Amino acid sequence: MIAATHRRRASPLHAARAGVAGAWCLTLGLVALSFEHPLLLAAVLGVAVAAAAGARVGRAVGRALAWSLPLAVVIAVVNALVDRNGVTVVFRGATVPGLGRLDVTAEALAYGGILGVRAVAIIACAALLAAAVDPDELLRAVRRRSLRAGVTAALATHLVGVLARDGRRLAEAQRSLTGGPPRAAARLGVVRAVAAGALDRATDVAATLEVRGFGSAGRLQRAPRPVSRHDLAFGASALGLAALGIASGVGGWEGFEAYPRVVVPLEPRQVVLAVAVAACALLPFADRRGIA
Amino acid sequence: MSALALDGVTYAYPDADGAALRDVTLAVEPGEFVVLAGGSGSGKSTLLRAAAGLVPHFHGGTFAGRLVCGGLDTREHGPAELAAVAGTLFQDPETQVVMATVRSELAFPLENRGWSPAAVARGVEEAALALGIASLLDRSTRELSGGELQRVALGAALAGRPELLLLDEPTSQLDPVAGDELLAVLRRVNEEWGTAVLVAEHRLERCLPAADRVVALENGAVAFDGDPSAFAAWAPPELQPPVTRLCALAGIPARPATVKAARQALANLKGGLSLPTSSGTNGGLSLPTSRGTNGGLSLPTSRGTKGGLSLPTSGGTKGGLSLPMAIALRGAWFEVKDGPAILKGVDVAIGAGEAVALMGRNGAGKSTLLRLLAGLIEPTRGKAMRAGRVALLLQNPGDYFLHDRVGDDVPGAGALADRHPRDVSGGERQRLALELVLTTGAAPVAVLLDEPTRGMDRGHGARLAARLQQLAAGGTAVLVATHDAEFAAAWATRTILLGDGRPVADAPTAEVLGGGWYFATQTARVLGGGALTPEDGAARLRQQPVEAAP
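Residue numbers (the working numbering), protein chains in the order written: chain V, 1 to 292; chain E, 1 to 550.
It should be emphasised that the hints constitute simulated quantities derived from the structure, not laboratory data. Check the hints yourself; a few may be wrong.
So the derived list for chain E, only partly shown, Cβ under 10 angstroms to chain V, looks like this [as the list claims (entries may be wrong)]:
1. Arg22
2. Phe108
3. Gly146
4. Glu148
Below, a list of computed lysine to any residue pairs in the SDA-like style, where the Cα atoms sit at most 20 angstroms apart [said to hold, decoys possible]:
5. Lys337/E to Arg59/V
6. Lys344/E to Asp408/E
7. Lys337/E to Gly179/V
8. Lys383/E to Gly179/V
9. Lys344/E to Leu323/E
10. Lys383/E to Arg59/V
11. Lys383/E to Gly331/E
12. Lys344/E to Gly58/V
13. Lys337/E to Phe256/V
14. Lys337/E to Arg56/V
The following label-pair restraints were derived from C-beta to C-beta distances [unchecked claim]:
15. Arg142/E to Leu26/V: 17 to 25 angstroms
16. Leu188/V to Ala184/E: 45 to 53 angstroms
17. Ala387/E to Arg63/V: 53 to 61 angstroms
Small disclaimer: the values here were computed from a predicted structure and weren't measured. Quick reminder that beta carbons are idealized off the backbone N, C-alpha and C, glycines included.
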């Protein structure tokens with residue numbers, strides 16, 4: 001995914017070094033993972049979308065969001081079916097041997113929705129990372145730590161794009177044969193053929209890595225790079241986000257409870273926390289000096 | 001010390017029936033430009049992979065003999081170490097670019113050698129400037145065209161200035177312009193830096209002018225090793241450059257390897273055969289009636305004109321009679337959302353039984369035009385019309401095989417039915433895929449092929465040309481997008497040249513390829529137009545009372 005969507009753009013997030021920008025995206029994702037309050041999750045999701053717009057990768061993140069919505073629905077439905085907590089039964093299901101009665105509660109449905117929104121927010125953060133953080137720089141960082149991990153990462157990041165192109169070509173060949181969209185069997189055949197060809201493609205890419213000297217004894221040297229204003233801003237922002245997430249968790253600021261009844265307090269502290277998260281995350285985007 | 005030395009190298013791939021290389025002994029000296037010739041499966045790619053150390057370190061198998069590359073014995077040094085002395089470029093640009101940006105791609109091999117960041121930065125700048133890709137440095141590698149990708153891959157192979165460059169059909173994916181540019185870069189690298197070059201190519205006519213030596217392989221063994229003119233004299237018909245074949249067919253004793261040598265050979269003929277020096281003139285010689293004619297009947301040179309462009313207004317014509325239209329575009333545009341207009345108001349019609357070549361540089365819109373005609377995509381403005389089913393064979397014939405057994409995809413594959421599609425030669429795969437698209441569904445009114453001769457040797461190309469002529473004779477409209485002027489000249493009666501999303505020429509093939517600069521056959525370049533193929537050229541020369549100079 002990283003190799004597939006990254007675009008170089010004039011934005012503060014792109015101007016920060018990959019390690020810092022990547023850490024900022026990861027921290028935002030972790031904050032989303034730590035929150036359960038709908039207002040706070042909405043704030044993180046809003047931050048991710050606003051950050052995507054600020055980094056001029058809104059289209060790529062928007063595509064990821066569109067793909068993630070069905071996943072969110074599935075999560076909500078599955079949670080409602082399997083979670084036995086909650087006291088407000090909205091649907092009395094059949095009795096399944098071994099599982100008991102499949103009742104659906106309003107609380108399980110609501111919490112499923114929360115989990116779905118959280119998944120969407122995390123996917124938005126991952127999509128932002130993929131679109132705005134230079135994968136080559138990340139790869140260099142990985143290679144400095146471990147050559148084997150570097151080989152795996154290089155193969156994986158490049159192979160994703162190659163296989164995606166293979167899949168598109170195979171599907172187009174099937175369409176040219178049938179004159180219409182491929183049937184389910186043909187689609188399955190395409191997936192199978194791409195999977196079967198993955199080893200060959202991996203071999204091709206690995207051969208290229210070899211002849212470019214990837215396995216040689218030379219140790220990758222770190223290029224000295226002055227710390228930019230954007231490195232500092234996003235670094236501070238990531239620390240701030242982490243602090244807010246930790247403080248909220250430790251201090252119990254959210255006050256959200258899903259079971260036995262849904263409790264969604266909307267007090268000043270939740271509003272302040274949401275505003276603080278948004279401000280802390282988005283402030284670095286205000287400084288647009290030296291981003292080209 | 002030789003840049004590359006093979007001594008009795010014999011190699012067999014794992015589980016292979018026979019050896020891919022047999023007792024190969026040869027040396028490439030520093031600064032030499034050596035062309036590897038041979039048909040498909042002759043062992044060219046294997047030899048290059050052995051020189052890069054991939055054979056046997058990467059592929060496994062059984063290796064005998066000794067191979068020393070840049071002073072490193074491949075029995076002791078793997079491909080990663082050999083990368084410091086030999087840069088390698090394979091055929092498929094897609095799998096050769098491993099980083100996200102051009103700058104990172106060029107830096108990658110230098111970083112792997114442990115160069116300091118300052119040295120890497122300098123190496124990247126120099127490689128980019130030498131190859132004329134400095135403007136691409138900050139571009140994403142996913143946004144590049146095939147030609148640009150290939151140059152970037154060459155830049156990565158050259159960065160760090162290796163002693164030896166190993167190239168496996170580097171121009172097979174490129175249009176004539178991009179291919180010539182790449183070869184010009186190779187010549188410059190060879191002449192100015194003294195880098196030895198070992199390049200495998202099917203289109204020998206492209207490389208021979210730059211070559212110091214030609215090594216021909218046959219069944220994995222060296223069948224010839226000598227200079228280009230000696231190679232031209234030795235070469236069997238399927239390996240002969242078109243100009244060599246022209247002289248052979250015309251009964252001229254000389255066997256020139258290049259257009260320049262062929263011109264010289266003809267100028268030396270006693271009898272003062274007068275040859276034109278510029279294209280588009282006939283020099284007072286009577287022209288043969290083969291290309292641009294069909295069964296001896298003249299084809300019209302235009303189908304209505306508009307703004308200087310030949311625009312067909314109906315199906316093609318044969319012998320002055322209008323042919324029923326098989327496929328057509330009327331004012332067709334194809335504009336990419338948030339992107340460029342790839343086709344700009346194209347009017348074109350192909351009649352039943354017409355054999356048409358579609359030419360143009362990479363990115364001119366050829367593949368898009370074929371997709372519109374086949375109904376794979378719809379024009380954003382204008383109309384695409386089809387009189388029936390249109391069969392389309394896309395660029396990679398392997399994409400039509402979804403199963404592990406050829407027979408499961410192509411009924412009637414005969415002896416090849418039980419083979420895995422990967423184990424079938426490129427030419428055979430192309431033939432099978434063509435039969436598949438022809439036989440799936442109703443009989444097609446038109447068959448469209450996209451770059452069918454990429455990586456194909458001349459023998460398979462000739463068989464494909466014959467099949468296309470057979471289809472056209474049976475009343476099927478044939479339209480083939482190709483960069484290969486020699487291939488187009490062999491079968492097409494009409495050629496459309498696309499430039500910047502619209503036809504810039506639409507006329508009989510003899511007119512387009514006879515008067516072209518880049519899009520011209522070798523025979524046309526020697527004879528100044530009028531004859532495109534060696535056979536036509538020889539017929540034309542035989543009409544003159546020529547006698548070889550003593």
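The hints, checked one at a time:
no. : hint                                     : result
1   : Arg22                                    : 23 angstroms, violated
2   : Phe108                                   : 6 angstroms, holds
3   : Gly146                                   : 12 angstroms, violated
4   : Glu148                                   : 16 angstroms, violated
5   : Lys337/E to Arg59/V                      : 13 angstroms, holds
6   : Lys344/E to Asp408/E                     : 41 angstroms, violated
7   : Lys337/E to Gly179/V                     : 24 angstroms, violated
8   : Lys383/E to Gly179/V                     : 17 angstroms, holds
9   : Lys344/E to Leu323/E                     : 26 angstroms, violated
10  : Lys383/E to Arg59/V                      : 31 angstroms, violated
11  : Lys383/E to Gly331/E                     : 7 angstroms, holds
12  : Lys344/E to Gly58/V                      : 30 angstroms, violated
13  : Lys337/E to Phe256/V                     : 45 angstroms, violated
14  : Lys337/E to Arg56/V                      : 17 angstroms, holds
15  : Arg142/E to Leu26/V: 17 to 25 angstroms  : 24 angstroms, holds
16  : Leu188/V to Ala184/E: 45 to 53 angstroms : 47 angstroms, holds
17  : Ala387/E to Arg63/V: 53 to 61 angstroms  : 39 angstroms, violated
The structure fails to meet hints 1, 3, 4, 6, 7, 9, 10, 12, 13, 17 from the earlier list, while all remaining hints are met.
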